[in-house]
Amino acid sequence: MEKEDIKLLNKGEEEEMDLQGYRLCRWRLALVGFGVICTGGFLLLLLYWMPEWCVKSTCTRTTARDAEVVLLRSTDEFRRWFLARVRVMLAPGRNPFHSLETQTTSPSSPTDPFSSVSPLANGHTPYPSDGSPAQELIKRFADYQPTKIRYFTFHSTKYYWNDELQNFEVLTGLEDLQVDSFTLHSEHSEGLSKSQQEYRRLFFGVNEIAVKVPSVFKLLIKEVLNPFYIFQLFSVILWSADEYYYYAMAIVFMSVISIATSLYTIKKQYVMLRDMVAAHSIVRVSVCRANNDIDEILSTDLVPGDVIVIPSNGTIMPCDAVLVSGTCIVNESMLTGESVPVTKTNLTNPGPAEMGVETDGAYNTEEHKRHTLFCGTDVIQTRFYTGELVKAVVVRTGFSTAKGQLVRSILYPKPTDFKLYHDAYLFLLCLVAVAGIGFVYSVVLSVMNKVSAKTIIIESLDIITITVPPALPAAMTAGIVYAQRRLRNLGIFCISPQRINICGQINLVCFDKTGTLTEDGLDLWGVQRVENGSFFMSEDKACKENLVKSQFVACMATCHSLTKIEGQLSGDPLDLKMFEATAWVLEEATEEETALHNRIMPTVVRPSKQLLPQEPALSPDQDMELCELQSVYEIGIVRQFPFSSALQRMSVVARLLGEKRMDAYMKGAPEVVASLCRRDSVPVNFPKVLEGYTKQGFRVIALAHRRLESKLTWHKVQNISRDHIEANMEFLGLIIMQNKLKAETPAVLQDLHRANIRTVMVTGDNMLTAISVARDCGMIPPEDTVIIADALPPHDGHTAKITWRYTDKPSKTTHLEDVNISLDDVCRVDEPKTQELYHFAMSGKTFAVIAEHFPDMLQKLVLHGTVFARMAPDQKTQLIEALQGVDYFVGMCGDGANDCGALKRAHGGISLSELEASVASPFTSKTPNISCVPSLIREGRAALMTSFCVFKFMALYSIIQYISVTLLYSILSNLGDFQFLFIDIAIILVIVFTMSLNPAWKELVSRRPPSGLISGPLLFSVLTQILICLGFQVITFLWVQQQPWYTVWKPYTDVCNRLANVNESDYNNTEVDDHNIKNFENTSLFYVSAFQYLIIAIVFSKGKPFRQPSYKNWPFVLSAGSLYAFLLFIMFYPFESIDEFLEIVCVPFEWRLKLFFLIIVNAAVSVVVEGAIDLRMYRRLLGFCCPKKRIPKARYMHLAQELSVDPDWPPKPTTTTEAKTCPENGSTCQIIMNS
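Residue numbers (our numbering): 1 to 1235.
Read the hints as simulated data drawn from the structure, not as lab findings. A hint or two may mislead.
No more than 30 Å apart at the CA atoms, straight line, and that leaves these computed lysine-lysine pairs for DSBU-like [claimed, not checked]:
1) K1112 x K11
2) K56 x K11
3) K609 x K564
4) K564 x K577
5) K56 x K222
6) K267 x K926
7) K926 x K564
8) K218 x K267
9) K742 x K541
10) K660 x K716
11) K1154 x K1104
12) K222 x K158
13) K926 x K1104
14) K577 x K695
15) K267 x K222
Modelling step: build the complete structure from the supplied sequences, incorporating the hints.
Structural data, given as structure tokens:
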């Protein structure tokens, strides 16, 4: 088929996939069925494991439009395959947003997006079947021709065929219509009829985030069909055929325990997730109908376009909805981690007159989140108009909601990409190759010795089961389970155990600032007012009698989103501190008071009586009531424009009691507020004063005010856009807030620096404040240079450019010097230069421009980027991706507010918030400071080293056993059933599960453990130990045959002089040893190999610098000591019953001494060689054999090497680099250098 037939789904999104259409082919199905029968079902298993093979072997290619089966492939680095069955649905209409009354009776038109002109495809049964809502609707609207709609379901999302796009697409909700504010109010605020609601439900489904808990049987089948368990089943059948019943039963017992534990864990996680989602997910809601009726329905019946009534006492939102009337106080902690209540205002209705002048753009949940109530969030209380209800239009339902997307990310996570697991598979393939050699050797040897065909098959296949150890997954999991338990004891909870190993590789940690590095609370340090374009001296408090009626204090008292919940003032901590500093009082109208008025009763603020100046005494002729009214000073908040992180400001419209004209007050980021004020009201020295505060680490908020025109009435204000209000303001001054570092922060960062772990600050705060905090906490040493990057996008025909500012060396430069660098700057490699210590700092806007126009430059900047300020939540995630793009292992630590995406994307995300938002983070810490970060990395390193030790041990165990069996095969012998049992159960399992118990080393060191098994020291270690074990086993095998007492063992053979008075005739009726287990070679190799397992366990059980020494792991010491004692006991003091059980024979005492000597030498050689490898002597050997310059593997190391010899990096204050506009064909730009 042509490449055009490959469709791209979810373009540019996280779940982007390629789609290919297929049609079932009967003769291929029959052929595959025959193959399944011939292979005893193995082909079916193979097709189950490989979806791509399954589809291609049973189907033929066709267009996506006519497909019966679609083959999907993710476009990310994992390139995973999925298949989905295409179904056909009958519906009375073609588009969910069309009214049924407007549907035509003519055949489907190709221009209609959701129509399908083809007949019911390929004999598919219509779905849903008879009796479904679709059939009921079709009967009700019998005059309309049923439409066939093709769709498939993937990861809880339905994809519908769209004829207009010639592709499958997801129906998200009301946003698909690209409606603006005016259209939302005029066309979607009346509600839907019941028939419209039922019709839309056909497309959008039930409004429920259904986490289906699979039955135990389904989970069991899925678990058992794992390739490893299939291999185990094959092994058990083989061992049973060879009469190794005990060992087979032991493996079955282990597998049953492992499967049962796995099923319990998976089932428990599903149940926990279902319970978390199900809580309050189904509630009764009131919906408005088109005829102004209000119906009570279940929330599961909601569809996009429904208008719901938010009850005054609050509710848990069952969907995403946009407020069209009224105001809500919402707790969004479930999604954002913000535990403070958030005020949600209604989406303004600009009216038809304003539509032509200026549009607010299409509604979008992200851009209009201050008007959107998200699914799962808790509406605490509402405020409303008399006679009008608080209404919201349903925008998204089910898995399309914000909560649904979060649940989908948990249900269908991306696989963990880690070199260890990739290398583990390669290593197993190497073991399979070794097993293949043994298989061929065994077959050839058996054929030469004329062994029966049955024995040849069993013994040859047995080699494979010996080489690939069946206990490997359980052994690898043990270390992670123990690490998870230790983390729990440290107050760190983990929902993704596989991430623990990855945390051992972290070499860069990003920190949020507020609430993570610094305290949550802000303290008011002081205020600095402005009058007539000049700053006053700074003042330590604002609650002074002479300021009580000033616009500055009025702005502090009104410009906030505070509310009273159960009598307590609640809201953003910054707003709380600012309002408390005024010593004013806030009063909100009760529900009863609001009902008496024809509009929302405004929130009122007024100064406490102590602050107001004393009123003069009344004259007898003055009206008492009138005078009291004049003496009351209170301000009503008429309209609120909530804080927006994109706009970096908030504003309110307020009116002083008794005044006709209203006032607008604004607060926000100083640079933003100043840009919206009249130039004459902003002091000339504003930048210098602001820089002075931010350099000292203060958080600065600017205030502004404007007297509004008298023509602006209350009703007009309710519908006016904030752009009309937030313009031509008068600058009032600055509020200076102090944000103190947490006590633990500097020490933890120092520990990370000592361990060569980079630290980066990612914050939404001001740039200079962030730099100051970075210096205070030690993230930027005092002697290092900070270079601020300011990027400008292309404009007026000019290309994008970056301006560099050196701000931290005032002694050398008296002013900020600028360096311009062009869009396509070329790095020139020149002679090496001395490395300068510098750090880049940039804002979110700059980051966005650089990411778009300077992609190559971005990699250089993140190499030394330390402060990223004013970063939006999605930019934090992009930064994590950029750092991962240059091969950093990135950790992220945040307090949960706006950090969810970054926490999820990082290799190791740790949330300091215990709220439900931490579900998105792999790790959650009970300790609300960053001391958990070194603990997590230490435990990760310990777990990673444990995984390496266990994998190396299991590999050596299989090779040692392989060597023993191969040597014994040469004399047509083997290890006995109970010898296998003793080695695998008593030695291997006991050692594996105790050697994993070593706790983490007490401090972080600068070395990092290797990231994969395919690395110099690990491979060298494994190969040398294999050679040592091979050498000593071969010596034992050959040496025993050279002993003067050696003979081919028979039941009456007596080399220990035990049977002096027994005749040979007494053994004539003795049971014949068919497998030739009992012989001197077997016994000698059993003794030596048994000690080799223990020697390797001790040699590989590494301690410092990543784990505590093995002698502190008392279960391991006790287990190893007991096994050594037992083996020495049966070796030197043989017990007949033990010898019979293990099928070992008596050998002379002097041979036992020689074996003991061999074992001692073996242990000494193994320890010395491993010690030499730990001292990196292998590097000197490799360097001597093949001397060459070492090339770094990680991309950030390559970049560092390149930049170290680039004379133009970092950009200097004396150079300007400019470029002409680059041709579109990608040719090199001309660079002009000026100094």
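Against the structure, the hints:
1. About 54 Å separates the Cα atoms of K1112 and K11, which puts this hinted pair outside 30 Å; it is violated.
2. Pair hint K56 plus K11 holds up; C-alpha atoms about 25 Å apart against a cutoff of 30 Å.
3. As the CA atoms of K609 and K564 are separated by approximately 20 Å, the hinted pair is consistent with the 30 Å bound.
4. Between K564 and K577, the direct Cα distance comes to roughly 15 Å. Compliance with the 30 Å bound is thereby established for this hinted pair.
5. Taking the CA atoms of K56 and K222, the gap is near 22 Å; set against the 30 Å cutoff, the hint holds.
6. Distance check on the hinted pair: K267 and K926 sit about 25 Å apart at the alpha-carbon level, within 30 Å; holds.
7. For the hint pairing K926 with K564, the CA-to-CA distance comes to about 29 Å; that is within 30 Å, so the pair holds.
8. Straight-line distance between C-alpha atoms of K218 and K267 comes to about 11 Å, which keeps the hinted pair within the 30 Å bound.
9. Of the supplied pair hints, the one linking K742 and K541 holds, its CA atoms being roughly 25 Å apart against a limit of 30 Å.
10. The straight-line distance between the Cα atoms of K660 and K716 is roughly 14 Å, inside the 30 Å bound, and the hint therefore holds.
11. Of the supplied pair hints, the one linking K1154 and K1104 is violated, its CA atoms being roughly 35 Å apart against a limit of 30 Å.
12. Distance restraint check for K222 and K158: the Cα-Cα separation of roughly 24 Å lies within the 30 Å cut-off, and the hinted pair is therefore satisfied.
13. Of the pairs offered as hints, the one joining K926 and K1104 holds, with about 28 Å between alpha carbons and a cut-off of 30 Å not exceeded.
14. Among the hinted pairs, K577 with K695 is consistent with the structure: their alpha-carbon atoms are about 22 Å apart, no more than 30 Å.
15. A threshold of 30 Å between alpha carbons decides the hint, and for K267 with K222 the separation of about 13 Å falls inside it, so the pair holds.
Of the numbered hints stated above, those contradicted by the structure are hints 1, 11, listed in ascending order.
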